[in-house]
Amino acid sequence: MTEPSIPGVAARPPRNHWWDVWDQFKVHKGALVGAFFFLLIVFLVLFGPLLWDIDPTKTNIRSRNQGMSWAHPFGTDQLGRDIFARMIAGGRVSMGVGLTAMALSVIIGTFVGVIAGYFKRLDGVLMRLTDLFLALPLMPLLLVTVLLFREPLSAAFGPEGGIFVLMVSAIGITSWMQTARIVRGDVLALKEREFVLAARSIGTPPRRMITRHILPNVMSPIMVSATLGIANAIITESALSFLGLGFPPDFPTWGRLLFDGVDYLTQYPERVFWPGLAISLTVLSVNYVGDGLRDALDPRIRGR
Amino acid sequence: MSAALVQVRDLKMHFPIYAGLFRRQVGSVKAVDGVSFDIMAGETLGLVGESGCGKSTCGRAVLRLYDITGGSITIDGREIGHVPQSALMGMRPTMQMVFQDPQASLNPRMTVAAIIGEPLDEHTDWSKAQKLDRIYELMDQVGLNRQFAHRYPHAFSGGQRQRIGIARALALKPKFIVCDEPIAALDVSIQAQVVNLLETLQDELGLTYLFISHDLSMVRHIADRVAVMYLGQVVELAPREALYHNPLHPYTQALLSAVPEPDPARAQTPQSRIILRGDVPSPADPPKGCNFCTRCPQVMARCKTEAPIFREVTPGRFVACHLYETVN
Numbered sequence: 001m002t003e004p005s006i007p008g009v010a011a012r013p014p015r016n017h018w019w020d021v022w023d024q025f026k027v028h029k030g031a032l033v034g035a036f037f038f039l040l041i042v043f044l045v046l047f048g049p050l051l052w053d054i055d056p057t058k059t060n061i062r063s064r065n066q067g068m069s070w071a072h073p074f075g076t077d078q079l080g081r082d083i084f085a086r087m088i089a090g091g092r093v094s095m096g097v098g099l100t101a102m103a104l105s106v107i108i109g110t111f112v113g114v115i116a117g118y119f120k121r122l123d124g125v126l127m128r129l130t131d132l133f134l135a136l137p138l139m140p141l142l143l144v145t146v147l148l149f150r151e152p153l154s155a156a157f158g159p160e161g162g163i164f165v166l167m168v169s170a171i172g173i174t175s176w177m178q179t180a181r182i183v184r185g186d187v188l189a190l191k192e193r194e195f196v197l198a199a200r201s202i203g204t205p206p207r208r209m210i211t212r213h214i215l216p217n218v219m220s221p222i223m224v225s226a227t228l229g230i231a232n233a234i235i236t237e238s239a240l241s242f243l244g245l246g247f248p249p250d251f252p253t254w255g256r257l258l259f260d261g262v263d264y265l266t267q268y269p270e271r272v273f274w275p276g277l278a279i280s281l282t283v284l285s286v287n288y289v290g291d292g293l294r295d296a297l298d299p300r301i302r303g304r
Numbered sequence: 001m002s003a004a005l006v007q008v009r010d011l012k013m014h015f016p017i018y019a020g021l022f023r024r025q026v027g028s029v030k031a032v033d034g035v036s037f038d039i040m041a042g043e044t045l046g047l048v049g050e051s052g053c054g055k056s057t058c059g060r061a062v063l064r065l066y067d068i069t070g071g072s073i074t075i076d077g078r079e080i081g082h083v084p085q086s087a088l089m090g091m092r093p094t095m096q097m098v099f100q101d102p103q104a105s106l107n108p109r110m111t112v113a114a115i116i117g118e119p120l121d122e123h124t125d126w127s128k129a130q131k132l133d134r135i136y137e138l139m140d141q142v143g144l145n146r147q148f149a150h151r152y153p154h155a156f157s158g159g160q161r162q163r164i165g166i167a168r169a170l171a172l173k174p175k176f177i178v179c180d181e182p183i184a185a186l187d188v189s190i191q192a193q194v195v196n197l198l199e200t201l202q203d204e205l206g207l208t209y210l211f212i213s214h215d216l217s218m219v220r221h222i223a224d225r226v227a228v229m230y231l232g233q234v235v236e237l238a239p240r241e242a243l244y245h246n247p248l249h250p251y252t253q254a255l256l257s258a259v260p261e262p263d264p265a266r267a268q269t270p271q272s273r274i275i276l277r278g279d280v281p282s283p284a285d286p287p288k289g290c291n292f293c294t295r296c297p298q299v300m301a302r303c304k305t306e307a308p309i310f311r312e313v314t315p316g317r318f319v320a321c322h323l324y325e326t327v328n
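Top line first, the protein sequences correspond to chains A and B.
Take the first sequence: its position 57, counting from 1, is numbered 57 in the UniProt record's numbering, and each next residue is one higher.
Take the second sequence: its position 130, counting from 1, is numbered 130 in the UniProt record's numbering, and each next residue is one higher.
Treat the hints with care, as some may be off.
What the hints assert, rightly or not - Listed next, with one range per pair, are the computed distances between beta-carbon atoms:
| # | chain 1 | residue 1 | chain 2 | residue 2 | range |
| --- | --- | --- | --- | --- | --- |
| 1 | B | D133 | A | P152 | 56 to 64 Å |
| 2 | A | L138 | B | H214 | 51 to 59 Å |
| 3 | A | D123 | B | G70 | 48 to 56 Å |
| 4 | A | A156 | B | P84 | 26 to 34 Å |
| 5 | A | I301 | B | H214 | 51 to 59 Å |
| 6 | B | L323 | A | I301 | 58 to 66 Å |
| 7 | B | H154 | A | L32 | 22 to 30 Å |
The set of hints was computed from the structure by calculation and includes no laboratory data.
Quick caveat, the model's predicted, so the values are computed rather than measured.
Note that CB positions come from ideal geometry on N, CA and C, so glycine has one too.
Use the sequences and the hints to build the structure in full.
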């Protein structure tokens, strides 16, 4: 039995619950470190060109294959281009593609999963569609898409913008299926819980039932697939660039730098090391941030 | 007692069974199969029966949480048996439900204020402050400290969570509340508190309850009339004292003889306890004739072929049994 409250005394005004989320997030040391590194990378990638104003595409054949120095902190490549400047320029593209493609794939996946799980009638159709996408051989599909749409998109958004849109949509459209399946499974289980029945007895319409009761409770798997999705997108973009179907060869991305470095692996291993480290650090920090956020958003974990 | 607030006639709720390669319907689970009862305004009707006899399904079907197979439901003068879900929206404030498991019936991601306020969000266009006032008022009514309004359900004990569930059901000032085993998941000391709270609220607000439970002594405490269910059908419906002192249906007799008696001097001898043999038949394939004929100690030849009619044997007492067809 709880002690009765004193009538007339105003109850404590509600504290914005994002403060509680932040308090819990701070407890997770890995998430804090991850957030720090992620923000650092984002900062460098966004504002790096202002601080380090060497043109990443400028060749200087006399100073090629240099090691680390104050003039070129990460050295230069076989054409004498500054690798640090290329890392910054490549990071813009890789982070941009990774984050946008992840967002697209998570949005599609969550939408399909929630609709399939909640509305029994659409379940069969949407899940067969998911199976269809899972069964498609991805590489040939991507090759055909790139061949078909590269020209019109380049015409519409400019050569780099067109490729960016193409990359993001190609990766997003071919990687939402896992999210959809996981979300559907969770929604099916949630739908039978009594609080959903309680909301129905109140008369909550399906739209708000999903946004109020279903979505907040499937945040964890969505968060996990989102963090994994960034890594996946960056790597797929690298693979496509390597095959010559992504961005043009002289246009730096982390994946491109990595594959260019492979040829010189025995002589200059640091050329593979720097882009590899950047990709790993990004993926790792995003994973930790995702882990911390998931804990912080769960009121059962928060505050203990 | 005034006129009936809730009238249920021949309510049927069958769940289809799909099997085989093409998922064809091969039969149906007759969870509720022809149930009729009235609940007067301001009274508490107890609904008892063993596990799996269809009590909870019946309660949920009455509130149209399911799309019923057949029969009619009239609540507060409006027939709601077959209107589409979207048209029920306006009826929802009249009828509410308190759920069995207070752990599962509250969304773990919502604060207490958000949970209690959800009906207000859906059915009123009040301002935030107005809603918060009503939420605090409800929390006072069910004995929850206002300070806890912005905590999450996991921070509460079972009894407190059930109070949150009750406050949510009360938010729209309903007339009729289905209590679906509200005390089954609580321990005994808390059960009494919650039942007393329900009784107090009934007196203050003039509520009508359908109280579903398998706890016969608790139903005896709270209910005015009691309906006994067996395998999807109501076998006996009678005022509380009459039913507990003089059960008519053989199933009711067996059920009541199984209630433990704390006083050794009044305890029955083991011989006088009626022990039913066998298992409850499957609700997908109920016996022909009377549903209880496979286990009834007083079974007759007629019971196995002909289903008894649920009829009034003495004023206010309804029984479905061939033993009482000759009484009047």
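Now for the hints, and whether the structure bears them out:
no.	hint	result
1	D133/B to P152/A: 56 to 64 Å	holds, 59 Å
2	L138/A to H214/B: 51 to 59 Å	holds, 55 Å
3	D123/A to G70/B: 48 to 56 Å	violated, 27 Å
4	A156/A to P84/B: 26 to 34 Å	violated, 46 Å
5	I301/A to H214/B: 51 to 59 Å	violated, 35 Å
6	L323/B to I301/A: 58 to 66 Å	holds, 59 Å
7	H154/B to L32/A: 22 to 30 Å	holds, 25 Å
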